[in-house]
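S.K.: In case you want the letters, here they are:
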Amino acid sequence: MIATLAVLEPLFAVVFLFASVLAMPTFRVKSLLRLYACSSIALALLIFSFAVRDASGHLYPLALGTLFVKGLVIPALLTNAIRRSGASERLQSSLRAAPSLFVTVAALLVTALLIQHLPFAASAASAHVLYLSIAVAFAGILMMVLRRDVFSQMVGFLFIENGIAAFSLATIVVIPVAIEVGIFSIVLLAVSMMALLSHKVQELYGTSDTASLRELTD
Amino acid sequence: MHLTLAFLALLATPLFSWLPVVPVKAVRGLGVLAASVAAGFVWTTAFPVLLGRVEMRSLGIWFVDPMSALVASLIVLVYLATAVVSVRYLGHERHERLVTDRQVRLYYVMMHLFAFAMLVTALANHLGVIWFGLEATTLATTCLVAFYAKDGALEAAWKYILLCSTGIALGLVGILMVGHAAAVGGLQHADFLYLDTLRMHASSLSPDIMRWAFVFVFVGIGTKVGFVPLHTWLPDAHSKTPSPISAMLSGILLNVAFVTILRFKGVTDLALGGTEWTEKFFLVFGILSVLLPGFILLIQRNYKRMLAYSSIEHMGLLAFSVGLGPLGLVPAVMHMVGHTLAKSALFFGAGEILLRWKTTKLDHLPAVFTHAPRTAVLFLLAILGILAMPGSTLFASEYLMVGYGINTHLVSTLIVLLGLSLVAVGMMRHTLALLFEGAPAATEVPPAVESVREPWTLTHAVMAGELALLGAAGVFFLLPSGLAFATRVAQSISSVAL
Numbered sequence: 001m002i003a004t005l006a007v008l009e010p011l012f013a014v015v016f017l018f019a020s021v022l023a024m025p026t027f028r029v030k031s032l033l034r035l036y037a038c039s040s041i042a043l044a045l046l047i048f049s050f051a052v053r054d055a056s057g058h059l060y061p062l063a064l065g066t067l068f069v070k071g072l073v074i075p076a077l078l079t080n081a082i083r084r085s086g087a088s089e090r091l092q093s094s095l096r097a098a099p100s101l102f103v104t105v106a107a108l109l110v111t112a113l114l115i116q117h118l119p120f121a122a123s124a125a126s127a128h129v130l131y132l133s134i135a136v137a138f139a140g141i142l143m144m145v146l147r148r149d150v151f152s153q154m155v156g157f158l159f160i161e162n163g164i165a166a167f168s169l170a171t172i173v174v175i176p177v178a179i180e181v182g183i184f185s186i187v188l189l190a191v192s193m194m195a196l197l198s199h200k201v202q203e204l205y206g207t208s209d210t211a212s213l214r215e216l217t218d
Numbered sequence: 219m220h221l222t223l224a225f226l227a228l229l230a231t232p233l234f235s236w237l238p239v240v241p242v243k244a245v246r247g248l249g250v251l252a253a254s255v256a257a258g259f260v261w262t263t264a265f266p267v268l269l270g271r272v273e274m275r276s277l278g279i280w281f282v283d284p285m286s287a288l289v290a291s292l293i294v295l296v297y298l299a300t301a302v303v304s305v306r307y308l309g310h311e312r313h314e315r316l317v318t319d320r321q322v323r324l325y326y327v328m329m330h331l332f333a334f335a336m337l338v339t340a341l342a343n344h345l346g347v348i349w350f351g352l353e354a355t356t357l358a359t360t361c362l363v364a365f366y367a368k369d370g371a372l373e374a375a376w377k378y379i380l381l382c383s384t385g386i387a388l389g390l391v392g393i394l395m396v397g398h399a400a401a402v403g404g405l406q407h408a409d410f411l412y413l414d415t416l417r418m419h420a421s422s423l424s425p426d427i428m429r430w431a432f433v434f435v436f437v438g439i440g441t442k443v444g445f446v447p448l449h450t451w452l453p454d455a456h457s458k459t460p461s462p463i464s465a466m467l468s469g470i471l472l473n474v475a476f477v478t479i480l481r482f483k484g485v486t487d488l489a490l491g492g493t494e495w496t497e498k499f500f501l502v503f504g505i506l507s508v509l510l511p512g513f514i515l516l517i518q519r520n521y522k523r524m525l526a527y528s529s530i531e532h533m534g535l536l537a538f539s540v541g542l543g544p545l546g547l548v549p550a551v552m553h554m555v556g557h558t559l560a561k562s563a564l565f566f567g568a569g570e571i572l573l574r575w576k577t578t579k580l581d582h583l584p585a586v587f588t589h590a591p592r593t594a595v596l597f598l599l600a601i602l603g604i605l606a607m608p609g610s611t612l613f614a615s616e617y618l619m620v621g622y623g624i625n626t627h628l629v630s631t632l633i634v635l636l637g638l639s640l641v642a643v644g645m646m647r648h649t650l651a652l653l654f655e656g657a658p659a660a661t662e663v664p665p666a667v668e669s670v671r672e673p674w675t676l677t678h679a680v681m682a683g684e685l686a687l688l689g690a691a692g693v694f695f696l697l698p699s700g701l702a703f704a705t706r707v708a709q710s711i712s713s714v715a716l
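Residue numbers (my numbering), protein chains in the order written: chain A, 1 to 218; chain B, 219 to 716.
Hints were generated in silico from the structure; no laboratory data involved. Among these hints, one or two may not hold up.
Distance ranges between label pairs, derived from CB positions [as the list claims (entries may be wrong)]: (1) A:185 <-> B:247: 24 to 34 Å; (2) B:628 <-> A:196: 49 to 59 Å; (3) B:447 <-> A:196: 21 to 31 Å; (4) B:266 <-> A:7: 56 to 66 Å; (5) B:643 <-> A:196: 27 to 37 Å; (6) B:414 <-> A:77: 30 to 40 Å; (7) A:106 <-> B:577: 47 to 57 Å; (8) A:64 <-> B:621: 51 to 61 Å; (9) A:106 <-> B:447: 16 to 26 Å; (10) B:244 <-> A:192: 27 to 37 Å; (11) A:176 <-> B:621: 39 to 49 Å.
Even for Gly, the Cβ is constructed at its ideal location relative to N, Cα and C.
Excised from the complex, chain B in its bound form:
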């Protein structure tokens, strides 16, 4: 019931946002209201499952187990944060006549539909609905990638829709293969594509067909996750989108796609009778996805692209963790939470810098700390968080990941550590230059802006809140209860007892 209400709120709001009779200012307020309502309904359903007070709920086409409850909770959290930041971000852009009223309406329509599509994907039990949701996220966000229709935004949008739609089409082939395996295995037509039924009858699925199905799903949906070498669209799309939407794209959409692959992994592992075969894919793609961004981040001079490459690296870390073995799912769960909080905060901060200086190039920026100390401090804290400094959730996850990796895959772990070191050097170098040095060829700051003391904005409040959550979750996951929580979530998607 609560989920239905959340979906209704998310579907009705775009309609109201598009109506000319609703003033644009009201559209922004409506966005926050809709996000709050959806968050309330989703959390009411998800928290009891997450806290173990209620067993997982299978509602036919929907499925609320601890993993989907966690992902849905994170979706609405980032959605709510984005809605709040968008009030400031679009308000400023509209004030400066950088966007028209029509664009503001389009932004909100697509933002709500994007959140709706992610929730559908995260909570669906039917593989067809999952596919539908994933493709819908691509379509909704394409409009947002092409939002400014200039400076490479069209190029980014074209690459995005073409590569992701093709990837998801390949994923559909994998889904059809799963359906075929189910048919050959004797399942009823009505049950072909239900995940819970497939898990229950996995032993009757042909292992050979399931292997092929997994390859297609991994490559297809892996394109959406941004695994190297399927990542080429990601830095373009994430850097050209309005910053609050970049926070949703990087902070949560990648997780949604990743968890979808994990769901297929669970069914495939059960059909194959072991986890080793699928883990090899995660390990190889994980290592590649950590290493390549490591090298590129050393030379990256665009701070939004820097954050986008960091997202590829973190998806690589998630894959690496899962590839280490069944227990790798536990740090992966923690990492997902930490990455969502830190990356969305970083993109919100990037948006503040972009609003002020209208450029994403480090070579055109003065020392941000001098002119915008609040943004600079929060951005620096978020960078330290994403680089897994102690106190961050990502410290807890990477600590466990590396510890487990040294025991199971020593060489691979050392390679990943090399990649992480490159990432840390590259990101810290560029961040310190961005915040404290400023480029010699920096754009002149307009006097009106320079003289104004940076105000405390909605964006700062949201970033501070997310950073507080990042720290709190970091402490929680180091406690036995936090570890037990992550294990329970991981267990719900694992094919073996953890």
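Chain A with its partners taken away, still in its complex shape:
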């Protein structure tokens, strides 16, 4: 079974990328969180397949941590926060579904062209994971820019973080366990704090639309 997981590496990679691409034209909060969970689980399996392929024992705890924290805890935490805040199921965006998808695909194609010129592409542990990581992080940035509600921006940040986790896998592979634990804790704390803030925003302004957050000007 373990060997099968290693063989399925390209499938995990494709799921990891497609979850972030599909997130862009998704405007239902639950669907968006499912896509994030899906992306995180694919990332965990990707790390697991790396661990099997390279016989790297230290990657197993990382895979388990990713699966537990990003695949289960964070989506559950956010689902709970959104339910408690009474926010609308429908999320706000500056673009409709079709243009959102078009912009994302165009951005990913540009990323694919640019990545060939990166100096570290040749020396990366896995060229395709390197591409995926940058593509997913980029999709996260696009989501933060194009979306107009606090929940989508939060999920955008989480996609960026997933992209960076994959980037670390593609470049240096080995990060000390203590640092990994630190990064997981910080991400979990950041998300908890963002969830709390989004709840307060919803409570104070009666909407999660970021258009209401334009009080502070010069």
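The hints should help you fit chain B onto chain A, whose structure is shown.
M.R.: Same frame as chain A, but now just chain B:
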């Protein structure tokens, strides 16, 4: 050992502060005690290194060279000052029922964790720990930016956590690239992310990868520094936070983030075999960060936002100084010290005004000097200090900076001088209006307040102490021994001999 004790004090105090059995008044006293203990331990370790009596100390994951010793010393100084001012500030707000006991506890928990995270960032030798510390500063202070949960505080907190966390995430990409360069360069896994090892083996790091890494680190952590155009969160966050915390945010956190970029610059310069490539980034972002606040300060009618834009301008000056060339690090060191002292004093003063009139808008304030002469005089002195009047530390730093700039980058220096002139005109105009004119539509001062002669408070004592230090450091840096001190600190982070 001393550092461990300081860290323990900073970690234990938040726990005690949160315990319901500890009375709120005791929490405030405990804050001062913890800050004093931490300051004592940090200064005991840092001063011998700063004074050159002990060589730099590398303690594995920690690293105490003159630059980190200076930054750590400034962190605990501002932390101690903030703890003292908070006794007065929160005592007053609690007395007026503006904050609850729970909020007071939260304030202290986060204040101690914030100081802890800054010390970790300043003293860490491992890039992962530096990243961890920087992100922890964001998380601790987000709670403090959203402290009042009204009047735009939530907006400011949302922008702050989202932009800074994204920025620091990009910084992590840069750190990973450095690790990749180290791996490709043949360094052992265990040594990948240690700054001292990276500096030692910089020649084996791929220059191309290091260039990319530096771009990510500069943009990512530059967001935290508040370089224009990555600064949009800064005026909101620094103006909405309780004033003593604004002093920590503006006075020292920006320096901590700036020095982190300087550490990466040192490694990148060594890998590239020269300083010119990285200096261009500092020069361009520096000029932008001086010019934009210059224009905005002409129209800014909120005194806390005015101080926040002034912080962006001073980070711009620091970057400009570093961008001028290797010797620019020397005035940058002096400037860092001066800005920390003057800006924290200014935010403490702003807090006194805010406590009394409950507004940050110039259009709603009467002439402050008439009702609060002590605050007004100290605030004015701090403004003169931050505008680099002779006698201030910032006069010494800007004098050297401009002198060096005229010799190396004449046009850029003239542009910066234009920006500085705009800043000076804008800030002086608004300050004089705030202190001596008062707005026609000023809020009526409640009779009870107006009739009470302004007492000498803890805040005034702290401001006076900081201003005395600002003047003393200003004189010291003009002496040969002061110049030698600044050069030694700058040398510890420079990639070339100064």
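S.K.: If you test the structure against every hint from before, which numbers come out violated?
M.R.: The structure conflicts with hint 5 only, although it agrees with all the remaining ones.
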